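Student: From first to last, the protein sequence lines stand for chains C and G.
Position 76 (the first sequence) corresponds to 140 in our numbering; numbering is contiguous.
Position 141 (the second sequence) corresponds to 142 in our numbering; numbering is contiguous.
The set of hints was computed from the structure by calculation and includes no laboratory data.
Any given hint could be a false lead.
Listed next, the in silico BS3-like pairs over lysine-lysine satisfying Cα-Cα at most 30 Å (straight line) [said to hold, decoys possible]: (1) Lys201(G) <-> Lys71(G); (2) Lys111(G) <-> Lys250(C); (3) Lys250(G) <-> Lys260(G); (4) Lys107(G) <-> Lys199(G); (5) Lys199(G) <-> Lys71(G); (6) Lys81(C) <-> Lys260(G); (7) Lys347(C) <-> Lys260(G); (8) Lys212(C) <-> Lys111(G); (9) Lys354(C) <-> Lys243(G); (10) Lys158(G) <-> Lys250(C); (11) Lys107(G) <-> Lys250(C); (12) Lys250(G) <-> Lys347(C); (13) Lys347(C) <-> Lys81(C); (14) Lys387(C) <-> Lys250(G); (15) Lys200(G) <-> Lys84(G); (16) Lys250(G) <-> Lys384(C); (17) Lys111(G) <-> Lys199(G).
Covered stretches of chain C, going by a simulated chain G footprint (3 or more residues, C-beta under 8 Å) [said to hold, decoys possible]: (18) 179 to 192; (19) 211 to 217; (20) 254 to 260; (21) 311 to 322; (22) 374 to 380.
Everything numeric in this text was worked out from a predicted model, so none of it was measured.
Beta carbons: idealized from backbone N, C-alpha and C, even for Gly.
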Amino acid sequence: MAEVLVYVDHVDGAVRKPTLELLTLARRIGDPVAVALGAGAANTAATLAEHGAVKVLTDEAAEYADYLVVPKVDALQAAVEAVSAAGSLAAVLVPSSAEAKEIAARLALRIGSGVITDAVDVEADDKGPVATQSVFAASYSTKTRVSKGTPVITVKPNSAPVEAAPAAGTVEALSVTFSAQATGTKVTGRTPRESTGRPELTEAAIVVSGGRGVNGSENFSIIEALADSLGAAVGASRAAVDAGWYPHTNQVGQTGKSVSPQLYIANGISGAIQHRAGMQTSKTIVAVNKDAEAPIFDLVDYGVVGDLFEVVPQLTEEIKTRKG
Amino acid sequence: MSLRIVVTVKYVPDATGDRHFAEDLTVDRDDVDGLLSELDEYAVEQALQIADEADDAEITVLTVGPEDAKDALRKALSMGADKAIHVEDDDLHGTDAIGTSLVLAKAIEKAGYDLVISGMASTDGTMGVLPALVAERLGVPQVTLLSEVSVADGVVKGRRDGDTASEQLEASLPAVVSVTDQSGEARYPSFKGIMAAKKKPVQSWDLEDLEIEADEVGLDGSWTTVDSATERPARTAGTIVKDEGEGGKQLAEFLVGQKFI
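With the rest of the complex left out, here is chain C (with noise of 0.2 Å):
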């Protein structure tokens, strides 16, 4: 059988969740061999193994770590040249983090294969892999194929379920020699996000979200109450977020985090293009919003025209008393 490459999204050996649905969608089409580097990749191999992967390889080279994604790039490539020498590869899996991306884009560059990014779907078909996309704030859908080369797609966060699929998840190591480029930027400092306990907002199951009607960044704990009535992510639109009420980086939409929960409530949200691009392919959309005109209520299965600030604490109190 084919195999499937696999890229490890990784935090010291603590395997996200992206990349477990990336195995889901890699055994549909082959054999999935996981690539995880950098610091801790060896401790990846537990995870994974549950999840499908055959073979891991692994490189823990500080460059992962010092430079900036072309190190990566090259531990790719390396990936595709062993596989491809040894068997047949049918194709190369990558996360649709910001980072991941550029590392997919340029490794298709250098094998001379089509990249895809941001799929929700893929599936297996006779001329290779077929990707969906969700394109133009989700308007529309798109079926794609890599007609050069071994198709590189990387396929954003909750777009497969995570399966147990024991595997051996044999352990090798990868051997990469580095590029002239893979020192050329340089990593000089680097500050872990703090932690808020909830769930990373692309990858959380519900999502409840706030925007302009919150109206103050103090207000924003009736937001966060919600969340965490719930075990959900916080998320905030645009206009929340330049008014300096929320970090940019629980942004929704166009320039923020492209999210695609089982449940999305957005509270004081109008439900502009910019921030609906970002959130429609939500599976249940929820909104509270005062203007029963907001074209937010276009796209929800419940809406509750009316005053966030009474709506909101009230169904936090009954989620409380509902799950004791």
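The hints should help you fit chain G onto chain C, whose structure is shown.
Tutor: Only chain G this time, still in chain C's reference frame:
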């Protein structure tokens, strides 16, 4: 010596308009108004600020696209860029990201550069990978997705806010930089700027000027194929209630019904 800055910009269909696909599954650029991609305005702005700090700098804006794309160049010139290059060729129709990166890289090399500045992504394709591809092609450092950027003594420094960490980056020029919408509000063109832009030079190059063969670009040269594009069905109208004091409870009831609680 003068610091040569090339800013890559894209002319995109207005996102607030009704965007769709043409029969050949390329983006329909005829039936919808276009404009300079909003995210590229941040690149122009940072170029202007870097040029202000430098003793001597020249900003060239570069675009690849049909005739109308000149509007995007004009906007950037009116913000303060010095000159513009428009790469236009009928054979470019349907070019994918890999092909576009080839055209940009060849044009950037022909123009001469110390620093390339791009926006974080276009507002239509939204791939966000062109700066990385151009850096790969040029063989120079990629210093991308910066929320803060500065250039001094032949070194570019910046802050990249990633998913899990914020990183400080540093590279020697020449380099390719991309900036986010957090890098600083873009200026509005002044009346004087708009008038001055009309007199600034706009050079037109075609594929022959860049020594690119027609089959390396366009739909045929594309390494990806779009099989189909389907308009997403409108979401079915949901239930909308007016809060009469029980709105939160009603919403909770809905969430229970959907098994979220």
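Student: Any hints from earlier that this structure breaks? Give me their numbers in increasing order, please.
Tutor: The structure conflicts with no hint, since it agrees with every one listed earlier.
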